[in-house]
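Engineer: Below are the chains, spelled out letter by letter.
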Amino acid sequence: MLQILANGIITGGIIAVMALAFTVVYLPTRIFYIALGGVYAIVPFLAWTGLQWGWAWYVAVAFALVIGVMLSLGCELLNHAWLEEKNASSGTHLVSSLGIYIIVVQAIAIIWGNETKVLRQGVDGVFNLAGVTLTQAQVGGAAIALLTIGSFYLWLQSTKLGLEFRALADNKNELALRGFSIQKLRLVAFGIAGLLSSIAALLVSWDVGFDPQGGLAALLLAVVASIIGGSQSFFGAVLGGILLGILRSQVVWFLSAQWSEAASFAILALFLVLRPQGLLGQKLRLESES
Amino acid sequence: MNYFLHLGIYACIYSIVAMSLNLAVGYCGLLTLAHAGYFAIGAYTYALVSVKLGWGFLPAVGLGMAIASVASLAVSMSAWRFKGDFFVMLSLAVQSLLFSLFYNWFKADADFGTWANLTNGPFGIAGIPKPNIFGLQFQTIGSIALLAAVLAIACGVICWLLVSSPWGRLLKAMRDDELVARGLGKNTRFVKMQVMAIACAMAALAGSIYAGYVSYIDPSAATLDESILFVCMILVGGVGNFKGPLVGAVLLIALPEVLRFVAIPDAIAANVRLGIYGLCLVAIAHFRQQGIAGEYRIE
Chain A
45 MLQILANGII
55 TGGIIAVMAL
65 AFTVVYLPTR
75 IFYIALGGVY
85 AIVPFLAWTG
95 LQWGWAWYVA
105 VAFALVIGVM
115 LSLGCELLNH
125 AWLEEKNASS
135 GTHLVSSLGI
145 YIIVVQAIAI
155 IWGNETKVLR
165 QGVDGVFNLA
175 GVTLTQAQVG
185 GAAIALLTIG
195 SFYLWLQSTK
205 LGLEFRALAD
215 NKNELALRGF
225 SIQKLRLVAF
235 GIAGLLSSIA
245 ALLVSWDVGF
255 DPQGGLAALL
265 LAVVASIIGG
275 SQSFFGAVLG
285 GILLGILRSQ
295 VVWFLSAQWS
305 EAASFAILAL
315 FLVLRPQGLL
325 GQKLRLESES
Chain B
294 MNYFLHLGIY
304 ACIYSIVAMS
314 LNLAVGYCGL
324 LTLAHAGYFA
334 IGAYTYALVS
344 VKLGWGFLPA
354 VGLGMAIASV
364 ASLAVSMSAW
374 RFKGDFFVML
384 SLAVQSLLFS
394 LFYNWFKADA
404 DFGTWANLTN
414 GPFGIAGIPK
424 PNIFGLQFQT
434 IGSIALLAAV
444 LAIACGVICW
454 LLVSSPWGRL
464 LKAMRDDELV
474 ARGLGKNTRF
484 VKMQVMAIAC
494 AMAALAGSIY
504 AGYVSYIDPS
514 AATLDESILF
524 VCMILVGGVG
534 NFKGPLVGAV
544 LLIALPEVLR
554 FVAIPDAIAA
564 NVRLGIYGLC
574 LVAIAHFRQQ
584 GIAGEYRIE
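From first to last, the protein sequence lines stand for chains A and B.
Position 10 of the first sequence, counted from 1, bears residue number 54 in my numbering, the numbering being contiguous throughout.
Position 1 of the second sequence, counted from 1, bears residue number 294 in my numbering, the numbering being contiguous throughout.
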């Protein structure tokens, strides 16, 4: 029982990182950023290629992270910033983002092929803690996820940029009136989203492997997590991610792995009907809902 | 010749799907991603009752359409309260549940079509008989093409009559301002149920033709990727009028055939095709938000 809970919390931590990546863009800009799934999908392939070229693992990881962040920044600079200038609707943002996602995934499939790959070589080391067996990849993944989430909140709560960022999420027009650059802060948002999703992608691919199609599933899971947790705050995403991870590990244990997707979406439907603002959200007035 | 008939059958199937999706997306503004699930409901129903019970084409298709329109309540009832991103997420939830059903209603030691193993899971159902209407067999590809064309034209006529009727105007009014439509005493919830039932039943009809023609169905017909492809098709073609979705469907059929003439290796042809679709979506978002021949811009 403790074992299932531990596995759930660890997968949940990684989902939480991805959910945070989605929320970081969604909250300030209201863009349903599907192309984040493309970033998630391409990063492990870049790291894998770096390793194939004989680079040290930290060089390969740094290379993959940098390209992931640049791809995400490119989405904003070349796509969403233009659309925003034209006052495009949120549906248009969604459609263009979906288009970018499809292009990225097909490019990956053309360059690297459709097979599942793994980053790690050989069998993983195993830890035993109070009757719970964990692999090295799980412990490392949990630690890095915790560190990432922790440093994000530290940045958000204690730096000046973090303060501006929270203001952007709260009321964008007011912030622009006070002379802050919305464009710059949006770039920060997309950069952070790219970084967080790259980290999540590397953690998952280190543990279980990766293929070109995995990005959308991971992104949707993140969206479900952020809706469950409450998509009005940055904390909700983390809470929702961990809850979702625990739930999915229970489903895998008691039913089967094939039902875990359906179970996550069933939970989403339940939440949207019974508590659409999520666990941490407050009910808004009708006219301020978007 | 057979090659052109083959393309024609696919064009008919995709036209029916595009027209049905247009009713939901173009006339109601409900961007649903569950349509492949309903397509597969039609295909599986036709496959099961024709293989197991020996039903003819018409009753089998009728049953599939009935099941799909009842199941469409899952989508239309979510449309009661949600629109925009949240509705998209809920339709995705429906899609995921339907796919899980097709994929997981499976038991290795049971015969398919029984209660324990209804859909034969990932292995799919093979050997589906060709369509058969009152003893009239549609065995050759030409006759199936004729059947598909007749059904597609029938669907087209029905869609045309629906959207040019007062009911069609009510749909547009509800899409543009639901509050006003309700203020005028229209029951918008019931209208959404009607629209989704019609759209999903038509998708099920397309699925039945597909199953009857290909003679094989597996859960890959119900994946999210298929739904996204359907939605791409009508977004590229355009929604909100009669011709937009047809343009999209023809484009979906024509694109791989054009690529055939460019020297692209077979191994990556499918990827290139999808990539071009992605490119089309981005281009449409930037330069022509109503699609090639459409009227309505997605909100």
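Simulated from the structure, these hints should not be mistaken for laboratory data.
Heads up, a few of these hints could be off.
[Stated by the list, open to error] Using 27 angstroms as the maximum straight-line C-alpha spacing, the simulated DSS-like pairs for lysine-lysine come out as follows:
#1 B:LYS465 <-> A:LYS130
#2 A:LYS216 <-> B:LYS376
#3 A:LYS130 <-> B:LYS376
#4 A:LYS130 <-> A:LYS216
#5 B:LYS376 <-> B:LYS536
#6 B:LYS536 <-> B:LYS423
#7 A:LYS204 <-> A:LYS228
#8 B:LYS465 <-> B:LYS536
#9 B:LYS345 <-> B:LYS465
#10 A:LYS327 <-> B:LYS345
#11 B:LYS465 <-> B:LYS479
#12 A:LYS228 <-> A:LYS216
[As the list claims (entries may be wrong)] So the derived label-pair ranges between C-beta atoms look like this:
#13 B:TRP373 <-> A:LEU173: 43 to 53 angstroms
#14 A:MET45 <-> B:ALA409: 41 to 51 angstroms
#15 B:ILE451 <-> A:ASN131: 29 to 39 angstroms
Backbone N, C-alpha and C define an ideal beta-carbon position, used for all residues, glycine too.
Engineer: Between the alpha carbons of A:LYS204 and A:LYS228, is the straight-line distance 27 angstroms or under?
Structural biologist: It holds: about 14 angstroms lies between the C-alpha atoms, which stays within 27 angstroms.
Engineer: Would the pair B:LYS536 and B:LYS423 pass a check requiring their Cα atoms to be no farther apart than 27 angstroms?
Structural biologist: 30 angstroms, violated
Engineer: Take the C-alpha atoms of B:LYS345 and B:LYS465, compute the straight-line distance between them, and say whether it is at most 27 angstroms.
Structural biologist: With a Cα-Cα distance of about 43 angstroms, the restraint between B:LYS345 and B:LYS465 is violated, given a limit of 27 angstroms.
Engineer: Hinted pair, alpha-carbon criterion (27 angstroms max): B:LYS465, A:LYS130. Please report holds or violated.
Structural biologist: Since the Cα atoms of B:LYS465 and A:LYS130 sit roughly 25 angstroms apart, the hinted pair holds (cutoff 27 angstroms).
Engineer: Could you tell me whether the CB distance from A:MET45 to B:ALA409 stays inside 41 to 51 angstroms?
Structural biologist: 30 angstroms, violated
Engineer: Does the Cβ pair B:ILE451, A:ASN131 satisfy 29 to 39 angstroms?
Structural biologist: Distance hint for B:ILE451, A:ASN131 holds at roughly 37 angstroms.
Engineer: Would you check the hint for A:LYS228 and A:LYS216, treating anything up to 27 angstroms between C-alpha atoms as holding?
Structural biologist: Measuring from Cα to Cα gives roughly 13 angstroms; hence the hint holds.
Engineer: CA of B:LYS376 to CA of B:LYS536, is that 27 angstroms or under?
Structural biologist: This hinted pair holds, its Cα atoms lying about 25 angstroms apart.
Engineer: Is it true that the CA of A:LYS327 sits at most 27 angstroms from the CA of B:LYS345?
Structural biologist: 52 angstroms, violated
Engineer: So if I understand the rule, the pair passes when the alpha-carbon distance is 27 angstroms or less; does A:LYS130 with B:LYS376 pass?
Structural biologist: With a Cα-Cα distance of about 23 angstroms, the restraint between A:LYS130 and B:LYS376 holds, given a limit of 27 angstroms.
Engineer: Given the proposed pairing of A:LYS130 with A:LYS216, does the C-alpha separation stay at or below 27 angstroms?
Structural biologist: Holds, because 17 angstroms separates the two Cα atoms, which is no more than 27 angstroms.
Engineer: Does the alpha-carbon distance linking B:LYS465 and B:LYS536 stay inside the 27 angstroms limit?
Structural biologist: OK: B:LYS465 and B:LYS536 at ~16 angstroms, within 27 angstroms.
Against the hints set out earlier in the document, violations occur for numbers 6, 9, 10 and 14.
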